[in-house]
Amino acid sequence: MEPFKFIRAQDNNNAIAAAAVADAKFIAGGTNIIDLMKLNIEKPHQVVDINALKLDKIETLSNGTIRIGALVKNSDLAYHPNISKNYPVLSEALLSGASAQLRNMASVGGNLLQRTRCPYFYDTSYPCNKREPGSGCSAINGYNRNNAVLGTSDKCIATHPSDMCVAMAALGAIIHVQGAKGMRSIPFADFHLLPGKTPSIETTLKHGELITAVDIPVMSFAVKSHYLKVRDRASYEFALASAAVVLDVQGGRIQHARVALGGVGTKPWRSTVAEKVLTGALNNEQTYRTAAEAALSAAKPYTHNAFKIELAKRTLVRALTTVGGMS
Amino acid sequence: MNELVGKPVDRVDGRLKVTGTANYSAEYYPKNVAYGVIVESTIAKGRIKNIDITTAGKAPGVINIMTYKNSMNLHFPQSSDPGGGKYAEKDLLPLQNDRIFYGGQAIAVVIAETFEQAEQAAMLVTADYEKDKPVFDLEKNVEKAYKPVAGLGGSQIQMTRGNTEAALQNASVKLEETYTTPVYHHNAMEPHATTAEWNGDQLMIYDATQSVMGSKNLMAAMLGVEPEKVRLVALFIGGGFGSKGFSWPNTVLTAMAAKLVNRPVKLVLKRQQMFTNAGRRTQTIQKISLGTDNTGKLNAIKHATTSESSFVDEFVEPAGVATAMLYSCANADINHSLVRLNKGTPCPTRAPGEAPGTYAIEAAMDELAYKLNMDPIQLRLVNYNEKDEQKNQQFSSKNLKECYQRGADAIGWAQRNPKPGSIREGNYLVGYGMATATYPANRSASTAKAVLFPDGHAEILCGTQDIGTGTYTIMTQVAADALGLPIEKVKVKLGDSSYPKGANSGGSQVSASVGPAIRAAALGAKSKLVKMAIADAGSPLHGQKEETIIADNGQLHLINQPDKGETYSAILNRHGLDKIEVLATTNVSTRQQQEANPAAKTGAEAQAAQESKSNPAVQEDEHTDRKPYSFHSFGAQFVKLRVDAQLGTVHIDKIVSVMDVGKVMNLKTAKNQIMGGAIFGIGMALMEETAYDPNDGRVVTRDLAQYLVPVHADMPEFDIQFIDKPDTIISPIGARGIGEIGITGITAAIVNAIYHATGKRVRNLPVTPDKLL
Amino acid sequence: MDDLQNQDEKSSGRGSTRREFLTQITVAGAGLSFAPLIVNTETKVPGSQLSVIQPVNVTMVVNGTKQTLTVDSRVTLLDALRDKLMMPGTKKGCDHGQCGACTVLVNGRRINSCLTFAAMCEGDEITTIEGLAHGDGLHPMQAAFVKHDAFQCGYCTPGQICSAVGLVKEGHAKTDTEIRELMSGNICRCGAYQNILEAIKEVQAVKLI
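Chains as they are written, first to last, in the working numbering: chain A, 1 to 327; chain B, 1001 to 1773; chain C, 2001 to 2209.
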């Protein structure tokens, strides 16, 4: 790890000012950035500790929106009664990620910026366009069992690893950020970027901008929702495939649907095509299957991960079946 | 007297371990200690053209950087015998030249004032290579296979009897299938760690090793110093599973680095480095051919294993050896082939050979049973043997039928519907599977010292070690019983090369090897005490016969007159002795070949040999005729599991292991060992696999997020049972080792249960969800 | 005092001291001494934009004792405990948050100390395995681990115990399945999981903590 200057920020402005220098990074939970710093993947020379900032509250706004402070710990969000009762998909997604200890550390803001677990990104002795733009992608023709099948490019096939983000994509969260030029809000769908030709640029967050909060807009039917994660072992592992599903079923028909996939996409994969199939359709297995086929229709397999396409379909069908069967 | 052996005694080192005061090898703080970090090669084959340490050398805190250019010359160790210490890479001493034989090979050691500084500087070392094309894919290079002459320690690995080809041709029912296992890594929780300090030409070294004696001998040989000038200590070892059995480059590199900077050095492998620099279980390709008559009676067994070794040493995973003795069959052909690859050297991993081997043979037996339309247990009973037909020796003790019966009862075998895919519960398919477990019962020569003190406590000293198996505890039980002392009055000291030579922790041999030596030393000490009392006019036992005197709770008294006697303390104090010491060597080995070059016995060893001549316990033990016997433990593994029919995930509900391992020394630690073995087997069967880059042959899955070992949520309910019949032939304590047998058979039982659940036979481990879609 | 001898005495609470350690091979200065907390802060770091090692002051309460350290900003809480405060009870198994051996309680919550910079712990209360018990007795979780043989090699054990204490306090695990899931951040390669479960259940049942 390279040496860095450690600064304890006292408030938002203070933090933003300190992070303005070119090679500065914020640190909150530290669970991802310290991991990456130890491997010489992240090399900030100024680390701004934002844990003293007052961004650790979960509030319900007058319009019913839930505002989650960026420093709220994953575990606190997962167990918050409003979330676990009204947005089970988010609670389940959070609790399926990492371990109890890591969830006690990881912040909501940090989780939005979680970086891929592609083994070649993690090993600096291999070329990786995400880590070192222009060096090449070792995964495309390498060991790619855990890589993505959706949203890939010829420069990068790294999977987005977050579970929380998949649920937030389904819920249409809004991300609030503050920078030197003031505040702005970013709809969830506009936050993460596809790798395209520039896989090293992962979000629309600008350098020095501080994530302050995430809003979960009111979605009364999200009370019937579910996150299903499939992996090689029962816990403490990233997804092979996962699905976040919210369904509003009235009189045997699906009125509203939200679908997002994890473990298969280069970003948290909201599937509007699947939602389109589901919306207005009969609430039955045939519909679920058609939606799953649609969700994966653009999938592209690589040497070792073709199974993910079928697995993701089945995962989505199962999640839809579970939510569609909720009384 | 209340015997301690057999009781579920709490671990004597438990308090240290739960309070964080048990110190492992990285947890010593010599004054002025520096930190070492290994830099690894990033190619799998070639040579170093140029290694640039200029930038790294200027980094803050760097004391020196050791490469092949400035490292001390090492000497090739003579011993290739694990008993005498085995260096893992016979032909590649670290940092001696510019050649690269595998990815991750050590090319430099950065030594700095702090760990953080050493880490940073290690990342600044760069090397230019002359790259060569590596050979790394076993399956693509099987044509390069050769037949090794022998396995570890000269063990037999190419075995035949009868005419297998002819018998296969004449068989009424035949099964021929190939089973594969991937590369597995041990991943003990404690990374390999060493702290080394020179004092002139003397070396003190704390090393995470399964063999304090072997590691000490190797360090002396490689560094070119007298063995008596090296002291190696490993009081606590954070698991080994084979990875700390051979000595890897990190240990000698730490000693070399300490010499180079003339300061103590601490060097701990990073978890990532444990995937390249600390051994592995090889990939195996196992072709099984079975032939039977119409009743299921086997008349041909062929088990052909192809596995891999490195270019710098030869290690054979003896996957077929258990097959040679497991069932009654007139014709057998057991052979092993090796392909050399540009990977680090493989080494023993928990039940080397038997773990992957029983997977293949026991999965094949399950397939055969379905082919014959027979119950899998019935097939095994039809082919049950009472003797080792390969060696033509009877088993010292075998109660496998009882294992099958008890296991079947506990899992509900008879109540299941045997038809594959027939049991459905919601989204799940339920399956039952079973397999036979087996592991050889090994024993080797060991020496121990018993010391009685005037305050009434005793110490046992033995240069073996407790890698977590419970040796401290079990040996305390053995010694306390033999000495007639309560457990809290006996202190067993292990893990120090300055003690008499004990066995290495490999091959499940410690209990059976060290136990009898400790028992004999303890009995010898007690006998000395008795003789002193008899000869002493001041003793109430003066003039009594030795056989009328018993020892209990720190006192000697007459058998039929408990009030006539005295305490041990009284005897020692009256004689003005500060201690009574007895050394005993039990020179018994069940191995096919004795150690290649047993060192000339000097000093304590010679004294122990002398003292042992008049020790009745040693004499009786050594005079037991073991030649007619084959020594093996057996067991039955039963599994009940659920497979998600759509998603392919497997959850094991219950594991029943019924083990015939001789005398169970401590039910608590024994159950823990068997469960631990089964959990290793769950990993093998369902999730563990080391992946290599298909283009350059280096390890890709090199951390615990990518190499998956079982976690708590994967756990089933366990029912661990023991037959608990002492094997009086292997040793007077009656125990055979139990460190490895738990992992054998379990993997097959799991895949057999998956077949029963789904009707899908997966022959390439691990059975991950993608293989069941 | 010599470390090994010290450990020996701790391990026995009885018996003779291991004088032979010193008589057989004398190792000068194997004594407990503090490694340098910060070295040479002015040295240039070649090839990096920032050229000096950055010391940070941090004050935390470790097992009830206030500790003020000046550390290289890169030092993790885990390495500060093990190498600066000489409290090696907290273990390093993977150094990347993938095994749980480094679990400690920070302000009562279980976390991975390997993924926390010491500098982030300003004002925090840290409880490690060395600080769980009060006085000579064992903490109920420690006692239950011994009773149920909830370990073998002992290397993951401090992390398991701290994690288990955190789990009980969190109060989210009511069933065996929930305990198993919420203890999955602590890998035990020896495979003592079943016994760990039994130990936790016993402590939970009698509401000892």
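Hints are not guaranteed to be accurate.
[Claimed, not checked] For lysine to aspartate or glutamate, the following DMTMM-like pairs were computed, each having C-alpha atoms within a straight-line distance of at most 20 Å:
no., chain 1, residue 1, chain 2, residue 2
1, A, 54, C, 2130
2, A, 38, B, 1119
3, C, 2201, B, 1488
4, A, 5, B, 1119
5, C, 2147, B, 1488
[What the hints assert, rightly or not] Pulled from the structure, derived: some chain C residues nowhere near chain A, Cβ distances all over 10 Å:
no., residue
6, 2074
7, 2103
8, 2110
9, 2122
10, 2166
11, 2167
Hints were generated in silico from the structure; no laboratory data involved.
Yeah, the Cβ is synthetic: ideal placement off N, Cα and C, and Gly gets one too.
Okay, the hints, checked on the actual structure:
Restraint check: the Cα-Cα separation between residue 54(A) and residue 2130(C) comes to about 33 Å, which exceeds 20 Å; the hinted pair is violated. With a CA separation close to 9 Å, the supplied pair residue 38(A) and residue 1119(B) stays within the 20 Å bound. For the given pair, residue 2201(C) sits about 29 Å from residue 1488(B) by alpha-carbon distance, which is inconsistent with the 20 Å threshold. Note on residue 5(A) and residue 1119(B): the hinted pairing holds, with a Cα-Cα distance of about 18 Å set against a maximum of 20 Å.
Under the criterion of a C-alpha separation no larger than 20 Å, the hint pairing residue 2147(C) with residue 1488(B) is consistent with the structure, at around 16 Å. Listed as outside the interface, residue 2074(C) is inconsistent with that label: its C-beta sits roughly 5 Å from the nearest C-beta of chain A, within the 10 Å cut-off. The beta carbon of residue 2103(C) is not kept farther than 10 Å from every beta carbon of chain A, the shortest such distance being approximately 6 Å. Taking the minimum C-beta to C-beta distance to chain A, about 5 Å, the non-interface status of residue 2110(C) is violated against the 10 Å cut.
For residue 2122(C), the shortest C-beta to C-beta distance to chain A comes to about 7 Å, within the 10 Å cut-off, and the non-interface label is violated. Distance check on residue 2166(C): its Cβ comes as close as 7 Å (rounded) to a Cβ of chain A, failing to clear the 10 Å threshold; non-interface status is violated. Non-interface call for residue 2167(C) relative to chain A: violated, since the shortest CB-CB distance, roughly 7 Å, does not exceed 10 Å.
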